[in-house]
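Participant: With these hints in hand, go ahead and build the complete structure from the sequences.
Each chain, written out:
Protein chains: 2
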Amino acid sequence: MNFISGKPEDSISLPKLRNTLIRLEDTIIFALIERAQFSVNDNVYKPGMYKYEQSNGFDGTFLEYFLSEVEKVHAKVRRYQSPDEYPFTGPLPEPIIPPLNYPQILKHNNINVNDKIMKFYLEDIVPSLCMPGDDQNYGSTATRDVECLQALSQRIHYGKFVAEAKFLDPKLQPKYIEYIKNRDVGAIEELLTDKLVEEALLKRLRRKALIYGQDIEENLNNLQTTKQLKINVDIVVELYEKCVIPLTKEVEIEYLLARLDE
Amino acid sequence: MNFISGKPEDSISLPKLRNTLIRLEDTIIFALIERAQFSVNDNVYKPGMYKYEQSNGFDGTFLEYFLSEVEKVHAKVRRYQSPDEYPFTGPLPEPIIPPLNYPQILKHNNINVNDKIMKFYLEDIVPSLCMPGDDQNYGSTATRDVECLQALSQRIHYGKFVAEAKFLDPKLQPKYIEYIKNRDVGAIEELLTDKLVEEALLKRLRRKALIYGQDIEENLNNLQTTKQLKINVDIVVELYEKCVIPLTKEVEIEYLLARLDE
Numbered sequence: 001m002n003f004i005s006g007k008p009e010d011s012i013s014l015p016k017l018r019n020t021l022i023r024l025e026d027t028i029i030f031a032l033i034e035r036a037q038f039s040v041n042d043n044v045y046k047p048g049m050y051k052y053e054q055s056n057g058f059d060g061t062f063l064e065y066f067l068s069e070v071e072k073v074h075a076k077v078r079r080y081q082s083p084d085e086y087p088f089t090g091p092l093p094e095p096i097i098p099p100l101n102y103p104q105i106l107k108h109n110n111i112n113v114n115d116k117i118m119k120f121y122l123e124d125i126v127p128s129l130c131m132p133g134d135d136q137n138y139g140s141t142a143t144r145d146v147e148c149l150q151a152l153s154q155r156i157h158y159g160k161f162v163a164e165a166k167f168l169d170p171k172l173q174p175k176y177i178e179y180i181k182n183r184d185v186g187a188i189e190e191l192l193t194d195k196l197v198e199e200a201l202l203k204r205l206r207r208k209a210l211i212y213g214q215d216i217e218e219n220l221n222n223l224q225t226t227k228q229l230k231i232n233v234d235i236v237v238e239l240y241e242k243c244v245i246p247l248t249k250e251v252e253i254e255y256l257l258a259r260l261d262e
Numbered sequence: 001m002n003f004i005s006g007k008p009e010d011s012i013s014l015p016k017l018r019n020t021l022i023r024l025e026d027t028i029i030f031a032l033i034e035r036a037q038f039s040v041n042d043n044v045y046k047p048g049m050y051k052y053e054q055s056n057g058f059d060g061t062f063l064e065y066f067l068s069e070v071e072k073v074h075a076k077v078r079r080y081q082s083p084d085e086y087p088f089t090g091p092l093p094e095p096i097i098p099p100l101n102y103p104q105i106l107k108h109n110n111i112n113v114n115d116k117i118m119k120f121y122l123e124d125i126v127p128s129l130c131m132p133g134d135d136q137n138y139g140s141t142a143t144r145d146v147e148c149l150q151a152l153s154q155r156i157h158y159g160k161f162v163a164e165a166k167f168l169d170p171k172l173q174p175k176y177i178e179y180i181k182n183r184d185v186g187a188i189e190e191l192l193t194d195k196l197v198e199e200a201l202l203k204r205l206r207r208k209a210l211i212y213g214q215d216i217e218e219n220l221n222n223l224q225t226t227k228q229l230k231i232n233v234d235i236v237v238e239l240y241e242k243c244v245i246p247l248t249k250e251v252e253i254e255y256l257l258a259r260l261d262e
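Protein sequences, first through last, are from chains A and B. Here full-length UniProt numbering is used: the first sequence runs in plain steps of one and ends on residue 262. Here full-length UniProt numbering is used: the second sequence runs in plain steps of one and ends on residue 262.
Take these hints with a grain of salt, some might be off.
Because identical chains cannot be distinguished in the list, a pair is counted as satisfied if it fits within a single copy or across any two copies.
List of simulated lysine to aspartate or glutamate pairs, EDC-like, C-alpha gap at most 16 Å [what the hints assert, rightly or not]:
#1 Lys51 x Glu94
#2 Lys203 x Glu217
#3 Lys230 x Glu217
#4 Lys242 x Asp10
What the hints contain is simulated information worked out from the structure, not anything from laboratory work.
Facilitator: Put into structure tokens, the structure is as follows:
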């Protein structure tokens, strides 16, 4: 989303947010398809697999090392100054180019659920998405992991904008204020949740994964679509059901609980 | 492709190579679709747009700076030791993890056509692929540019493996040797070229771009596919016709011309 040259009110217009979230589904599916061509490659996730001698004795996993190096580069070009980008690692260097003047749309907050995203991704997604085993493509694996994680993180932290937009709805604001004051998480969650929208999302997601996951072959004159998919569609749907939707909601609730603070 | 744990002969089996090239079409189309969501953003390609004060006075373009920083990270995790990966920038740091023991499949060579890929990408692809104007998403733009460029570079430099495989065909080798000795580029090119395969490729590519480029919408109960595409299909086909196919052939020919050298 364009936070700078667009109008500030666009950033919290629900239809615009919805378009952004729907477009991010494609990005997430593409990233998962790209990751799925490599094996699980456990070594990428084993602490101390390599000694990173030129890196101050860092002894985490290969993915942690790689992610931290990538995020340093991205931080220098001010990725994490954008209100929809949240880093997994830190501390990060300051940007080396001038800051952009983002309008203040969100109430100040430090909500960052990337640890939970990482945990779900490593424990539930990678083992079911990828073929078991080791193909030694560790660099490609980590590169694709970073793309998946960044896309998921952006999608889930958009919950802050969604929450702000819903809070600003004059018809709902009195209720939100009441529930926030009462710390009534259940009531906030209920008010935030639209079951029909969630069902439509999962249906659309399944269809997208089916379409984008096709392996398109050709036999010179007749083009064919094989039945074999590049990705397990159920895993994409499960990722949303068990991770993206609940964590987005967690972000929304955390954001709202602090919405009235000074 | 797996160069390590696979059998060395697999790396130059034409059917295996063909599968890799077909799979890379998807990667390239996904990357182009992702780039196409951002505007042209000319500032990313203007030299001296920013002063990179902490970077030894580098005064190239934002993309050049970003690409060079990304390639440094990738070099440290030995990306460019893989025989199918070629950097755009340099000098690059040494890997900080132990080298993999790649079997020597290709004859030693220094062929790298990345400058030509970059030129075509910037002059022909970006202006036609993306909406004109500036949306200030420079970081996202450069990130997607790097993904497109890396995928194109890998695809095109696979020409080395294709050339080696074709050269090793016992029925064709005497001819290749004759043409190479005569420096007969035209005859080498003719021997390398299979018009039917190229036509099938372009047809398949158009179909892939149509399928992956769909914007999949839903109206709660009835799923729809809109006619609007996320990408201009003609540009994808043109990229292959005017850049990928000719540059791959250039790589193949250059490789073969040096194939008999000591």
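Participant: A separate judgement is required for each hint: does it hold in the structure or not?
Facilitator: Verification of the supplied hints:
1. Lys51 x Glu94: Classified as between: cross-chain Cα gap 15 Å, same-chain 27 Å, threshold 16 Å.
2. Lys203 x Glu217: between (26 Å within a copy, 10 Å between copies)
3. Lys230 x Glu217: So Lys230 and Glu217 pass the 16 Å test inside one copy only (12 Å; across, 22 Å).
4. Lys242 x Asp10: Result: close neither inside a copy nor across copies, 29 Å intra and 40 Å inter.
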